[in-house]
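Novice: Spelled out, the chains give:
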Amino acid sequence: MTTTVCGRCKSSGAVTDFQGRQDGAVVWTILRCPTCNFSWRDSEPARAIDPAVRSADFAVDAGDLQRYPKILQQ
Amino acid sequence: MNDLPNRARSISSLRDFLELLEDSGQAITWSDPVMPEPGVRNIAVAASRDANGAPAIVFDNITGYPGKRLAVGVHGSWDNIALLLGRPKGTTIRELFFEIAGRWGDQEAQISYVPSAQAPVHECRLEQDINLYDILPVYRINEYDGGFYIGKASVASRDPLDPDNFGKQNVGIYRLQIQGPDSFTLMTIPAHDMGRQILAAEREKVPLKIAVMLGNHPGLAVFAATPIGYEESEYSYASAMMGAPIRLTKSGNGIDILADSEIVIEAELQLGERELEGPFGEFPGSYSGVRKAPIFKVTAVSHRRDPIFENIYIGRGWTEHDTLIGLHTSAPIYAQLRQSFPEVTAVNALYQHGLTGIISVKNRMAGFAKTVALRALSTPHGVMYLKNLIMVDADVDPFDLNQVMWALSTRTRADDIIVLPNMPAVPIDPSAVVPGKGHRLIIDATSYLPPDPVGEAHLVTPPTGDEIDALSKRIREMQLGALS
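Here the protein sequences line up with chains A and B, keeping their order.
Each residue of the first sequence is one higher than the last, beginning at 2 in this note's numbering.
Each residue of the second sequence is one higher than the last, beginning at 3 in this note's numbering.
Relax, there's no trap hidden among the hints.
Simulated DEER-style distance windows between Cβ atoms: (1) 63(A) / 429(B): 21 to 31 Å; (2) 468(B) / 23(A): 48 to 58 Å; (3) 16(A) / 47(B): 23 to 33 Å; (4) 64(A) / 410(B): 45 to 55 Å; (5) 62(A) / 192(B): 23 to 33 Å; (6) 56(A) / 482(B): 43 to 53 Å; (7) 64(A) / 415(B): 49 to 59 Å; (8) 345(B) / 56(A): 45 to 55 Å; (9) 62(A) / 8(B): 53 to 63 Å; (10) 63(A) / 115(B): 41 to 51 Å; (11) 53(A) / 273(B): 34 to 44 Å; (12) 16(A) / 420(B): 53 to 63 Å; (13) 56(A) / 126(B): 34 to 44 Å; (14) 16(A) / 483(B): 56 to 66 Å.
These aren't lab readings, by the way, just hints derived from the structure by calculation.
Note that the structure is predicted; figures quoted are calculated from it, not measured.
Cβ coordinates follow ideal geometry from the N, Cα and C atoms, glycine included.
Work the whole structure out from these sequences, hints included.
Specialist: This is how it looks when you write it as structure tokens:
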């Protein structure tokens, strides 16, 4: 079951980047969150992609993206 | 297999090397169905447990990627590194170290050019509707990585301010995170060649085009990771170190690339733009943080027919990363130390890119090993990486951890260590006080010399040297022979 809610920042609206097929049938979908850039495959274990069980240590706060430093500044 | 040195010199591509590995029992094909996650990671980690003998693994039945091939662990064991250097399986790490240290300045570079139309890498070409996910059988390398990473890319670029200068072309290994079908971020720092080029292009508002080479001549992956001077060509260096020719061709965007690579992604920097990147499970065995990194747009992809995507498992050690770069981290430190102190007999900086290093030295005078340690901290790699240094006598093999532990047990005095506080540190070292700053430790595990009191405990001197090494190998062969 493909959800478009991001497992990392819980934003909705993920876009589909690719679908893997086997014998013509879709077997998984790669999605990408336009808010925090998390990309995932919907066949991955729940602990990596399901916001309900994913570790909070690796969450991204969609409301505070300014906190992440920009590399290579002049 | 009696002519390993010539066979190693005749390698010109990943395919050649995989064939050599397969002939030597050092490459296997995984044809059982496997899910990208967590299957590929699980198998790569299981293989990494055997740092001495792990084979390369070629997957050809990854669910959802029918017909696509993925190789991991190509440089994942000392036996594979030995074969690359033309030495037999079972060659010790110490022997491999001296094999590489002995090659410095030994050979001339042999560079030849292949017309683009004849270069295997250009057999298939895509210039529109590019979707990297449709070309590369990617998988999440570590569970909490921020996306799908290309972890073993050799990225070639020309100096944006001096694009005709061959020497100023840069080839380096940088981690790339795929950001949608035809974009990726590239992680670097200002001190790296690529970081300098990105900053220069953005400052002068000139284009920066790159070519990302995947599945390369196995020598390039080793030598592109070696810090050499900015104006030295990594291609020339790799060719000289391999003692073998390297075939180049042009990418569609005008960069010198290996003619026999499996896949080349051509891309252009999006000037001034940054996108969220990370985390990524890095070589200290911990995740890097989330950062805003430069982003590149893919303009074309070339690949061989039926290409092999080569990737790496990197994370908490021991991993392929350690065998890939360990000896080429150690050998330059050795060469640089020997310029000042010929008493240095070997350097083992295999551990986490040299966060711990072990140096063997003939003490010239009491306390001399500490002087050598301080010099090591001022070598180019030592400035940032050499955090813990263990100094041992020349009669201790720094590559044999049992011997190193003997030196620590019998020669270390707890009041004879040095802590240097608040020194530069690798930003991703998790033990840093703050990222980029931390403490250094020097443990002097060498013996006392006069005027220190040397005591009455005279050393046992068991037999050592070539004869004992040969006997040790013969015993091992007899043991293996007993099974067959």
